[in-house]
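Residue numbers (the working numbering), protein chains in the order written: chain G, 79 to 486; chain W, 210 to 610.
Misleading hints may appear alongside valid ones.
[Unchecked claim] Here are the simulated lysine-lysine pairs, DSSO-like style, with alpha carbons at most 27 Å apart:
id	chain 1	residue 1	chain 2	residue 2
1	G	Lys175	G	Lys205
2	W	Lys396	G	Lys399
3	W	Lys268	G	Lys320
[Unchecked claim] Simulated restraints, written as ranges between beta carbons of each label pair:
id	chain 1	residue 1	chain 2	residue 2	range
4	G	Asp228	W	Arg538	56 to 64 Å
5	W	Glu486	G	Arg292	20 to 28 Å
6	W	Gly537	G	Leu400	51 to 59 Å
7	W	Val348	G	Lys175	46 to 54 Å
8	W	Gly552	G	Arg264	30 to 38 Å
9	W	Arg388	G	Thr189	25 to 33 Å
Think of the hints as simulated: they come from the structure by calculation, not from any bench. Here the structure is a predicted model, which means the values were calculated and not measured. A virtual CB, placed ideally from N, CA and C, is assigned to each residue, including glycine.
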Amino acid sequence: MASCLWPWRRCCSWRPAARSPEPTAPGRAGSSGTRSSSGARTKMPYFNLMESLTSSFPNVCRISWFHHTAPAVCCCSKTRSGEKYTDPFKLGWRDLKGLYEDIRKELLISTTELKEMSEYYFDGKGKAFRPIIVVLMARACNIHHNNSRDVQASQRSIALIAEMIHTASLVHDDVIDDASSRRGKRTVNKIWGEKKAVLAGDLILSAASIALARIGNTTVISILTQVIEDLVRGEFLQLGSKENENERFAHYLEKTFKKTASLIANSCKAVSVLGCPDPVVHEIAYQYGKNVGIAFQLIDDVLDFTSCSQQMGKPTSADLKLGLATGPVLFACQQFPEMNAMIMRRFSLPGDVDRARQYVLQSDGVQQTTYLAQRYCHEAIREISKLRPSPERDALIQLSEIVLTRDK
Amino acid sequence: MSLQQLLLRFPRSLGALSSHRRLWWSPSLDTISTTVGSWRGQSSRSRAHWNQVVSEAEKIVGYPTSFMSLRCLLSDELSNIAMQVRKLVGTQHPLLTTARRLVHDSRNNLQLRGLVVLLISKAAGPSNVDASCQNCDMVSGIYSCQRSLAEITELIHTALLVHRGIVNLNELQSSDGPRKDMQFGNKIAILSGDFLLANACNGLALLQNTKVVELLASALMDLVQGVYHENSISAKENHITDDIGISIWKEQTFLSHGALLAKSCQAAMELAKHNAEVQDMAFQYGKHMAMSHKINSDLQPFIKEKISDSMAFNLNSAPVVLHQEFLGRDLWIKQIGEAQEKGRLDYAKLRETIKAGKGVTSAIDLCRCHGNKALEALESFPPSEARSALENIVFAVTRFS
């Protein structure tokens, strides 16, 4: 218990004189995303982040503290709504029937092999996490706006486009990381080679852009274009590493936002724009997506240490092998400063990966990261609760909890 | 061009920069192929002629066509790419070759697409429809949104140039150097290509015109498919190309070389709110000009006065495909077999064989045929110096003397 609370306790003693909102702190970022903060401004950014969180939402803190002691029990949302839940995935799938067939229809390619490559990951075996969030958000916004019970065709298109942009970036990431398995099968680059894999990624991106243009809404185009830019910038952030320990955490959160959360946040925003004219709702949708997205990635980074590769469908400790220091490592480094040198050389010496892994498992880096993910989830719940109640809204609340408890 | 600007910052690491870059430009320098050398040093007369055509055209569009966006240049990512590309110096990764050529010998060639988009914008002028276009500031008769479009066209083209230079890691030879270097080169090539594409998407979104976004997105899709065909053809090792006729060749070449220019020209008309008819004429000009430009470049190895004999040429180029079609598949395979020596293809010998056939002359005819179609499309535009410049570009690529 004591160790669970230490970052919170520490932050009280580290309280900076003037509190400056950290750009990636939940609920505080502008809707246009984040810009890297100067190191001088944010001393101990993530403690600052915790501090701004806990003082802004004391009740969230209380809930999450409770939550943290019993992480397997998703209790907090039950207090918010008396409704009996259906599985959010089932609820979302009602509007997503034929999702992958429809995506394959967008990939109008005459060459057999190129078509096969582009369709490789649209085999219906993915979690479709992004499309599910998008259609649930669409319905939640529509009901909030005018009690409409329908999902517009354009909103469903956003679900397709989100999955396509995600897949295009996966294909490119796998070439960049020289990855050999994903979702339990061999990667495109391992089967067809890097040269063709890159083109397949470009092709999926172009098909997504065509579908996006056909929606015929320039605002929506701008919103989703931001995602493409963020994905590239996130990849660049991943190339560099910061020497300063404090900058490192801000850098990590910014990268997490750009590489994962931006897509979810902006597609949520896009469906809200299509369904409802109220900018307040757009911001709620964006903030929900952003916070769930960051939590999702934080848990992903935890699972890289705690899960076995069979469960994940991809090798574990993958981040360390790529030289990346994710949340659990950065927290562990607080307890074991000797990890600093390893982070700086990107775990390149023989034995570094194993040693770092051991350090992480001995430290409470995993708990700390999970705890941080909970903060983001609670912020997501706080945002989405501003919408009028609906089964879809409650499903989104439940989904943010599933993000925390998932094991693959 | 942003990538170029960045590369210009490191002249020493990328080889000496010549101050006479423009002299290297000739219509034959179209594609950067990793397997087939590009054809430099056209006869000095036609090169001088081409340079004159282009420098006159550049004057017409107001200011030199330097398509670099400040936003792009000042970004952190760009200096990051620059640093990473530097690390590649000394390796065998093709990204270096692409980068070197972007800087070195094809500065203007890269910008030909942008220049044509600007010229056709000016040739069409403002439309009669009183369009309350939000980007209505016009400089030298060209809307600022059309200038952005010209830049986007160049960004997309360059992104694909960079992406086509990825290497397959499992096919590496020992002469390629360490696998680690190649892997790193791939990483940088993907990232810089994606960076250029993201900038293109961003620029497109700012144009606030969904039809233009759709046109350019479909042009990107065409280009990717075209590059895919080109790659799979150049990957063939036994020198036996696929048995494609000239009509399939035309389809594939349209995808890889014509679609982007054709659709950008059409989009430029859409931005000025011209009707469907004008849009179609602009599309036709872009398409046929690009086709005759490509055939011209394919012809260079067969018509140039001075050429080193052993120089390789593309077996999927227009004259070779036509030669093959006249000859029939069996005879062609026989001819290729005869030109092989110790498993290597004797290009000098094969070139003479092809020159003796009808492939070269019919490729010249085909080039002129596309040139004429491009000129026909231009007739629907009112006479102007911009239109004359577009005509002169066609004359320059269809001139064989």
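Query raised in the report: Which hint numbers doesn't this structure obey?
Result: 3
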